[in-house]
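Number of protein chains: 2
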Amino acid sequence: MTQKELSQQIKLKKSFLCVGLDIDLEKIPPHLLQEEDPMFAFAKAIIDTTHDLCVAYKPNTAFFEAYGVKGWQSLEKTIQYLNKNYPDHFTIADAKRGDIGNTSTRYAKAFFEDLNFDSVTIAPYMGKDSVEPFLEFEDKFAILLALTSNAGAFDFQTKTIDRLPLYQQVLKTTSQYKNSERLMYVVGATKAEYLQDIRKIVPDSFLLVPGVGAQGGSLEEVYKYGANDQVGLLVNSSRGIIYASQQEDFAEAARAKAMQMQVEMATLLRL
Amino acid sequence: MTQKELSQQIKLKKSFLCVGLDIDLEKIPPHLLQEEDPMFAFAKAIIDTTHDLCVAYKPNTAFFEAYGVKGWQSLEKTIQYLNKNYPDHFTIADAKRGDIGNTSTRYAKAFFEDLNFDSVTIAPYMGKDSVEPFLEFEDKFAILLALTSNAGAFDFQTKTIDRLPLYQQVLKTTSQYKNSERLMYVVGATKAEYLQDIRKIVPDSFLLVPGVGAQGGSLEEVYKYGANDQVGLLVNSSRGIIYASQQEDFAEAARAKAMQMQVEMATLLRL
Numbered sequence: 000m001t002q003k004e005l006s007q008q009i010k011l012k013k014s015f016l017c018v019g020l021d022i023d024l025e026k027i028p029p030h031l032l033q034e035e036d037p038m039f040a041f042a043k044a045i046i047d048t049t050h051d052l053c054v055a056y057k058p059n060t061a062f063f064e065a066y067g068v069k070g071w072q073s074l075e076k077t078i079q080y081l082n083k084n085y086p087d088h089f090t091i092a093d094a095k096r097g098d099i100g101n102t103s104t105r106y107a108k109a110f111f112e113d114l115n116f117d118s119v120t121i122a123p124y125m126g127k128d129s130v131e132p133f134l135e136f137e138d139k140f141a142i143l144l145a146l147t148s149n150a151g152a153f154d155f156q157t158k159t160i161d162r163l164p165l166y167q168q169v170l171k172t173t174s175q176y177k178n179s180e181r182l183m184y185v186v187g188a189t190k191a192e193y194l195q196d197i198r199k200i201v202p203d204s205f206l207l208v209p210g211v212g213a214q215g216g217s218l219e220e221v222y223k224y225g226a227n228d229q230v231g232l233l234v235n236s237s238r239g240i241i242y243a244s245q246q247e248d249f250a251e252a253a254r255a256k257a258m259q260m261q262v263e264m265a266t267l268l269r270l
Numbered sequence: 000m001t002q003k004e005l006s007q008q009i010k011l012k013k014s015f016l017c018v019g020l021d022i023d024l025e026k027i028p029p030h031l032l033q034e035e036d037p038m039f040a041f042a043k044a045i046i047d048t049t050h051d052l053c054v055a056y057k058p059n060t061a062f063f064e065a066y067g068v069k070g071w072q073s074l075e076k077t078i079q080y081l082n083k084n085y086p087d088h089f090t091i092a093d094a095k096r097g098d099i100g101n102t103s104t105r106y107a108k109a110f111f112e113d114l115n116f117d118s119v120t121i122a123p124y125m126g127k128d129s130v131e132p133f134l135e136f137e138d139k140f141a142i143l144l145a146l147t148s149n150a151g152a153f154d155f156q157t158k159t160i161d162r163l164p165l166y167q168q169v170l171k172t173t174s175q176y177k178n179s180e181r182l183m184y185v186v187g188a189t190k191a192e193y194l195q196d197i198r199k200i201v202p203d204s205f206l207l208v209p210g211v212g213a214q215g216g217s218l219e220e221v222y223k224y225g226a227n228d229q230v231g232l233l234v235n236s237s238r239g240i241i242y243a244s245q246q247e248d249f250a251e252a253a254r255a256k257a258m259q260m261q262v263e264m265a266t267l268l269r270l
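Line by line, the protein sequences give chains A and B. Residues in the first sequence are numbered from 0 upward in steps of one, following numbering that gives the first Met the number 0. Residues in the second sequence are numbered from 0 upward in steps of one, following numbering that gives the first Met the number 0.
Chain A on its own, in the form it takes in the complex (with noise of 0.2 Å):
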């Protein structure tokens, strides 16, 4: 998918919803468990009633992964889902990996090629040669973890370096990378703020903006700080939205939350 297209989506739908599929075997509601696949039901369900309030889903694969052989299996089948029924969707594969050369090669063949998906999210204290083999993809795009909003952001993240933020440094000197028009950036919604100075630096990356609601930020500041001129923002709700129920009713609960956030957004789409 190209970013035209990713912006267009947005305006059709009104929406710049991301929802995280953090699939969690201890949150989801126990009928579930009796299915075959439990985390592939649960996010089938999930994506079934929400696909069309939304823009982007993003499988933190953690959740997959910590289920080993199975887990993958539960991954492949919801990102061949995903691309089979909706494929106007912006999929993110939310691995946070970050390693050099070859093995950075391997990982971003796995995740574009293999399984598909538009995105990765990408840790970037490796520098250059760990991120450009994710760059070399047409269509395909590289998250970079640059701003997060967890409470260990602070510790390296915000402290200065040649007069500049360590989270700043990373835009500047990623965007000099070959084909940065490619990176994407994860920046937390709890320093909305900050948004200001980041979008002097990438003003027509995409932002990838978690921490809304559940982490305490504000959507409205996110879009008053962060929006260009095609958006621009993918927000993202996971817990929110997936766990608003954890009876049967779970799907229809979590459309509601999630229906409750494209409103918003497509009122202030329309400001």
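Hints listed in this document are in silico derivations from the structure and should not be mistaken for laboratory results. Any given hint could be a false lead.
In this list, chains with the same sequence are indistinguishable; a pair is considered to hold if it fits within one copy or across any two.
[As the list claims (entries may be wrong)] List time: in silico DSSO-like cross-link candidates among lysine-lysine, alpha-carbon distance up to 27 Å: (1) 108 x 26; (2) 127 x 43; (3) 26 x 127; (4) 127 x 12; (5) 171 x 190; (6) 158 x 127; (7) 69 x 43; (8) 171 x 139; (9) 177 x 12.
The structure presented is a predicted model; accordingly, all values stated were derived computationally and were not measured.
With chain A held as given, fit chain B onto it using these hints.
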């Protein structure tokens, strides 16, 4: 395994060698591709011929994950084989994970409990709450990326924050984390003289050192600047050992290369 047991193994075998299992189907001897599970067949042969010369094995999970479900099966078989046949070897899942709270906990359980690895490599970018979940498991270790041996290491790791390079800030900050005695650090051999400064910050931690040989680092210098009174070093070699030959004699060739390193290590340990 405890750090003390690891040190004992090093003294017993006169070796601080870690063999990296970066198993690339395009590089292993072609005759193995006829095996039912070529990755495991290769790993098993390398392990069986090198085990008495090394104290640790480090499967690089990317190479397995690149093959999806099949790759995970090969990884599971490899670690099960190690745990069953060579329980005195320290095992490292080179996964370079790094995510927040509940996701990190998932990964920690997957690698430490389900697969029973002794350790897993971790990226520091997300800070405290991405690292501490890995430190809650007794006799298990998180090996944090500090200073890697690739060219991109100079993009961020060596940049100065509060008068110290970022990688030293990582050492300093993380050594204050809860259960930090379960931390080890990746420090590339290509900058062996840096090890002096590193030892001032983490005198007692084990260091996992890649980049000797192929990437230009000197074993002698690594030992000179990096060893502590428990040795405290694991020097990794991957390609230099496992791809010593791509013919039918690959396992013997790998043994010869491993022995070359072990002999050099034995000499250093006598000093």
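Here is how each hint holds up against the structure:
Taking identical chains as interchangeable, the C-alpha atoms of residue 108 and residue 26 lie at most 27 Å apart only when they sit on different chains, with a minimum of 17 Å there against 32 Å within one chain. Taking the shortest alpha-carbon separations for residue 127 and residue 43, neither the intra-copy value of 37 Å nor the inter-copy value of 34 Å comes in at or below 27 Å. Within a single copy, residue 26 and residue 127 get their C-alpha atoms only as close as 38 Å, which misses the 27 Å cut-off; across copies the closest is 25 Å, which meets it. For a Cα distance limit of 27 Å, the shortest separation of residue 127 from residue 12 qualifies neither inside one copy, at 36 Å, nor across copies, at 38 Å.
In this assembly of identical chains, the alpha carbons of residue 171 and residue 190 lie at most 27 Å apart whether taken from the same copy (19 Å) or from different copies (26 Å). Taking identical chains as interchangeable, the C-alpha atoms of residue 158 and residue 127 lie at most 27 Å apart whether they share a chain (20 Å) or sit on different chains (14 Å). Taking the shortest Cα distances, residue 69 and residue 43 sit within 27 Å of each other both inside one copy (16 Å) and across copies (23 Å). In this assembly of identical chains, the alpha carbons of residue 171 and residue 139 lie at most 27 Å apart only when taken from the same copy (21 Å versus 37 Å across copies).
In the homo-oligomer, the alpha carbons of residue 177 and residue 12 never lie at most 27 Å apart, since the shortest distance is 32 Å inside one protomer and 46 Å across protomers.
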